[in-house]
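Residue numbers (the working numbering), protein chains in the order written: chain A, 1 to 361; chain B, 1 to 361; chain C, 1 to 361; chain D, 1 to 361.
A couple of the hints might just be wrong.
Derived DSSO-like pairs: lysine-lysine, alpha-carbon spacing no greater than 27 Å straight-line [said to hold, decoys possible]: (1) B:K253 to A:K196; (2) D:K196 to C:K253; (3) D:K196 to D:K50; (4) B:K73 to C:K146; (5) A:K253 to B:K253; (6) A:K73 to D:K91; (7) A:K253 to B:K95; (8) D:K253 to C:K95; (9) B:K50 to A:K253; (10) C:K73 to C:K146; (11) D:K95 to A:K73.
What follows is a set of in silico ranges between Cβ atoms, one per label pair, in the way DEER data are often shown [said to hold, decoys possible]: (12) D:A33 to A:A36: 33 to 41 Å; (13) B:H306 to A:A173: 41 to 49 Å; (14) B:L267 to A:H41: 40 to 48 Å; (15) A:R45 to C:S268: 51 to 59 Å; (16) A:D87 to D:R89: 32 to 40 Å; (17) A:G211 to B:P299: 27 to 35 Å; (18) B:L267 to A:D185: 33 to 41 Å; (19) B:P299 to C:S356: 53 to 61 Å; (20) C:D351 to D:A56: 38 to 46 Å; (21) C:N169 to B:K91: 45 to 53 Å; (22) D:D192 to A:A36: 44 to 52 Å; (23) D:G160 to C:T51: 37 to 45 Å.
Think of the hints as simulated: they come from the structure by calculation, not from any bench.
Values in this document were obtained by computation on a predicted structure and should not be read as measured data.
No residue lacks a Cβ here, since even glycine has one placed at the ideal position from N, Cα and C.
Okay, here's what each chain looks like letter by letter:
4 protein chains.
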Amino acid sequence: MNTFGQLFRVTTFGESHGPAIGCVIDGCPPGIAIAAEDFAHDLARRATGKTRHTSARREADEVEILSGVYEGKTTGTPIALLIRNTDARSKDYDKIVEQFRPGHADYTYWQKYGIRDPRGGGRSSARETTMRVAAAVIAKKWLVEKYGVSVRGHLAQIGGIIPKSFDWNAVEANPFFWPDAAQIDELESYMDALRKSGDSVGALVTVVADGVPPGWGEPIYGKLDGEIAAAMMSINAVKGVEIGDGFASVAQKGSEHRDEAARDGFLSNHAGGILGGISSGQPVVVSVAFKPTSSLRLPARSLDVHGNEVEVVTTGRHDPCVGIRATPICEAMLALVLMDQALRHRAQCGDVGDVSPRIPG
Amino acid sequence: MNTFGQLFRVTTFGESHGPAIGCVIDGCPPGIAIAAEDFAHDLARRATGKTRHTSARREADEVEILSGVYEGKTTGTPIALLIRNTDARSKDYDKIVEQFRPGHADYTYWQKYGIRDPRGGGRSSARETTMRVAAAVIAKKWLVEKYGVSVRGHLAQIGGIIPKSFDWNAVEANPFFWPDAAQIDELESYMDALRKSGDSVGALVTVVADGVPPGWGEPIYGKLDGEIAAAMMSINAVKGVEIGDGFASVAQKGSEHRDEAARDGFLSNHAGGILGGISSGQPVVVSVAFKPTSSLRLPARSLDVHGNEVEVVTTGRHDPCVGIRATPICEAMLALVLMDQALRHRAQCGDVGDVSPRIPG
Amino acid sequence: MNTFGQLFRVTTFGESHGPAIGCVIDGCPPGIAIAAEDFAHDLARRATGKTRHTSARREADEVEILSGVYEGKTTGTPIALLIRNTDARSKDYDKIVEQFRPGHADYTYWQKYGIRDPRGGGRSSARETTMRVAAAVIAKKWLVEKYGVSVRGHLAQIGGIIPKSFDWNAVEANPFFWPDAAQIDELESYMDALRKSGDSVGALVTVVADGVPPGWGEPIYGKLDGEIAAAMMSINAVKGVEIGDGFASVAQKGSEHRDEAARDGFLSNHAGGILGGISSGQPVVVSVAFKPTSSLRLPARSLDVHGNEVEVVTTGRHDPCVGIRATPICEAMLALVLMDQALRHRAQCGDVGDVSPRIPG
Amino acid sequence: MNTFGQLFRVTTFGESHGPAIGCVIDGCPPGIAIAAEDFAHDLARRATGKTRHTSARREADEVEILSGVYEGKTTGTPIALLIRNTDARSKDYDKIVEQFRPGHADYTYWQKYGIRDPRGGGRSSARETTMRVAAAVIAKKWLVEKYGVSVRGHLAQIGGIIPKSFDWNAVEANPFFWPDAAQIDELESYMDALRKSGDSVGALVTVVADGVPPGWGEPIYGKLDGEIAAAMMSINAVKGVEIGDGFASVAQKGSEHRDEAARDGFLSNHAGGILGGISSGQPVVVSVAFKPTSSLRLPARSLDVHGNEVEVVTTGRHDPCVGIRATPICEAMLALVLMDQALRHRAQCGDVGDVSPRIPG
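Build out the structure end to end from the sequences listed, making use of the hints.
Rendered as structure tokens:
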């Protein structure tokens, strides 16, 4: 199942070290202005090879629009985007062609399909997420232009480090998408030490959508939060998803959690902008847990395809903390979910109406 | 979207206080022995009205099989199950017909559809989950008979209380699905005090599937964990889902998290049985965060449908901790996901094969 | 696959001689006024037992609305409709429980599922189409109220008899949905003779949708004509579907077939209102070929479930020409397709716009 | 909706005069041997520019495999195929950029999307069908290797000309896929005269699948014949589809139509291999009606995008009979439907079993 979305459908293809990766976007509204250059900004935010804190692989990530756009505008027909892979170094993987790397999908792909492309992790590589970010560029554009909906994200934890202050303006000004400018030095040192140790660490990403109108989401099995959860969990290395207060709700009292409202608006947002699977008009807040990268220089025990016990050491180029670059990917998935739900909402209920009373978000 | 699943498709219908609830199960393999009595056990585990710690509503929950079963066996045609509502007390809701209860879906349904059935929460009531449990009875039966897969669950936290020891045998022997028999008195007292206070509390449920063969799950957008996340998040009051170590992974090192393997089997299960979206053969472990019930006797501020500020007090019959009865519902959703993925796997790859080497789970 | 439609989704269930038949309609727009009585008219048009020219089975076909309607209006949640079977006479089928009736689905269901419900044809009975007609009542209502789209149909051929004149007013005034009032006596005699002979005959049904706005239909694999073809072919006994001139196009020249247009409108409608899979604004015209009923009193050669050769004679109650009652069923399917496409169109392109120039239909 | 199939899902993209056309095949079983050369044969059968009886456009139709194949075998991940357009002559279309060509999709795309790519018909061009033929190469390979199912087709009528004898061996030996070698001269003359006249003509294509096991097809709304009808109707210029005797069934008696069976096999195949939407084990026989090409040198009345009446003359390069090259396209669609149904069947019912008794096809 390589298609995401019910009505704004993104089908991705491509392996880490194959000739190309790409996607087909089907169901896109006509008339959206889009050009190849529009993809550059978000793809660069996701790209490796720009700081020493991410993998050294450098891909140009140049997007070719193969269809669906005429004279600079979407036509309603499928939009195919293509990116050639240019910096794959498959020989890095020679050693592990026959080994199942612990914590990786090597063994499970092998068990499922009886065959796998081991070069760079093949289809299970995070290289695939490039196309999600590309597709979401179109979704983000439509969401903001048509409904004033914007999506942004930040890192909320690396290992044991948590932001001490919060400033959206800081987020894009450092390589960690970190909201506290005063902690950047600490993070640099932490990551340098981690890289030297050959180990890796997990991370927490938070994404927020502002301006979402009330009413998006399809009960019961197409709930907004349900689809967000699936979307985030589909990202490589994700082990948990929560909406609003999430797991903290477990220890809360009802009198504390439920968000009261007055004519001026809601008095809190423990729910993270979603009630009964439908957006409330408050900001949609999602947090995503990333496990530490499994590709380590530190040796580990495993088996090979012949059933022999082996000691696996992963060289190649890897992120010591995959969560860092995951921020734009989480944004992308949230944007794709919202775009899809927007179309589904107007299919059943017509465009966003003026149902009253409207509680300010 | 009231259908769950791609190939084992469960479509539910019905409102809390409507004449009936029901479901249609499509895509079910033929030849499964099933009778009306088979549903009783799991429905009773989910039912209210059996202890003072859940809602006082008492429903007979008698299942009528309307189609798809002939001479005691499924025929491959759609199976319709029907349960008449018998203990709805809609007049409890008279006061709130025009009020938006904080933390409930009242406002969001109103904004989405411009109309809502306020009786007992209408479609957004957890009454709907009865049919998930019913449908999962068939899935559980098939999974265990055909593949030896079993699904079970337990409560892992209520408010701030955490089990001090763990025993699967204890779980079904108390009304809390609690794994530590020694804490039952404490929980009873806690819940009694909570109920008297008019407040509610959150809970954590953990469900585990044993015997899942390696290879189930469809990368990239139909991953086993992605579909589990969506499934759990579709349950009323859920605010978070995690697989294996989940959010704890954020603070872990890669050397700690990645599960090594030897010929005798995996050496740990931080991954919760899923790698790259595909089952590894280890137990699938899922934890689900439930928020505290929003229906409280304690007054709260909100608006009514005319835009006036109101003070909402919820009488009616409610669970002080919805998470308690959620254990069989979480099991049901996990079973439905696994059944669906089993069918999807054999569609693409044929039946579960004997790909070697197989690492013991 | 017992669900029809992508966004206006109708899932039917039930066997010919089971306790009930029913359907769940999901994705229905909220706010449509609907009551149990609304179904009576179209169900009566489809019903057997009203003239000697159809099967003698008499079903009350009383619709119970189980969900999705509150205070007389659809709420956007799934609408479940239930009809109890009251006049099933399963003992008529005793003889053929173990026989494969020629021209029936007995053998193919057996081969597919390894089990079948033989009573009255089980799931393969045309009894199932009752629910299509019921579901389409809601679709027809919405289509005419919101867009002014109306759907109607008539019989266009029985055996070798073809209408000599055409009058829509005649169609509902005779039991054959026949457009030429002067031929009714001829048809009565023909059908009486046929019934006495124990044989059956095929028929041709034509359905027309007026007022369809230009723009409905989703290229390439969700074309309006593609979905109509699937919809019609899903009806029992259908062997062919054509749009507009259909098979007659084979012998036509391009200069004859292509519909020219002037400012006042199109100059012809060979295309049957669809070009490139999208409605043109002209009437949508569909013809459907029904094979003769396979249930005959005349003996035929076949096998039984043990592999023995047998002589099959079908008693029971059957239509000598299934095509007659098929007219409202074909209308229903056309309405369901149009409703679904209307929702899909407004999802991607917004509501029906005022793209100019608009050529009168 | 540019995706065909439920489990073997083919998503196509690309415009007639865009940089490329392509497709993504998702859900393909792993382990199928496939190479770029495998596509050449069928693509050549579909290609234009090879005889004077088809359009003069000459495309190399070289397939690049972008993903999903590793060391010559499918891996179970999405297979992306790309063909660059090399012989598009968009200036041929300058005149009609603002005109709605009669019988074409120009007007309906304009009305649906408010924008259209007029170059060569854009997305509505039959150029798209190239990718169906490419995708079906994989399906055909799997069907024949795994189940012994083969698909082939022939032209059954051009204008008023009908084959006088039938020989499968003749079909591939002439440019018309015509089964009667003795008529080729007549057809050549007919087509030459037609081309000179500037007019076009319709055609009838028949495709047959041999070796289909009994049991494929999903009642009620995923019937084998329903999906075939949709598949064929999705091909450019198709106006009608019939299974087995099709429209001829209208004038038949039941005693004539129903296919009797003996231990040695079925005694006839009026049903065209499908009963109740499920394959019977007999050959699946489908006929498809193609309208005459609408692109003519003969002038026709229409409007332009400003609402002015215009006289349209189509130059460019066109087929005087689109039905001729449609034979491999119809084969492709039948193969895609069968492959998809094969996967769906084994999902629900397991692999093709040995249900007895089996009636020889």
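Quiz prompt | Pair hint D:K253 and C:K95, alpha-carbon separation not exceeding 27 Å | solution = Holds, because 24 Å separates the two Cα atoms, which is no more than 27 Å.
Quiz item: So the hint says 27 to 35 Å: do the beta-carbon atoms of A:G211 and B:P299 match that?
Solution: holds, 31 Å
Quiz item: Using the C-beta atoms of B:L267 and A:D185, is the stated range 33 to 41 Å upheld?
Solution: holds, 37 Å
Quiz item: Is the hinted pair B:K50 and A:K253 satisfied, with a Cα-Cα distance of at most 27 Å?
Solution: Within the cut-off at roughly 23 Å; holds.
Quiz item: Is the gap between the beta carbons of D:D192 and A:A36 within 44 to 52 Å?
Solution: This hint holds: roughly 46 Å between Cβ atoms.
Quiz item: Holds or violated: 37 to 45 Å for the Cβ distance of D:G160 and C:T51?
Solution: Between D:G160 and C:T51, where Cβ atoms are some 41 Å apart, the hint holds.
Quiz item: Are the Cα positions of A:K73 and D:K91 separated by 27 Å at most?
Solution: Within the cut-off at roughly 20 Å; holds.
Quiz item: Holds or violated: A:K253 with B:K253, Cα cutoff 27 Å?
Solution: violated, 33 Å
Self-check item: Hint check for A:A36 and D:A33 - Cβ pair distance inside 33 to 41 Å
Solution: Holds, at about 36 Å.
Quiz prompt | 40 to 48 Å as the expected CB spacing between A:H41 and B:L267, which holds or is violated | solution = This hint holds: roughly 43 Å between Cβ atoms.
Quiz item: Between A:K253 and B:K95, does the CA-CA distance stay at or below 27 Å?
Solution: holds, 24 Å
Quiz prompt | Given hint A:K73 paired with D:K95 - CA-CA distance at most 27 Å | solution = holds, 22 Å
The earlier numbered hints that this structure contradicts are 4, 5.
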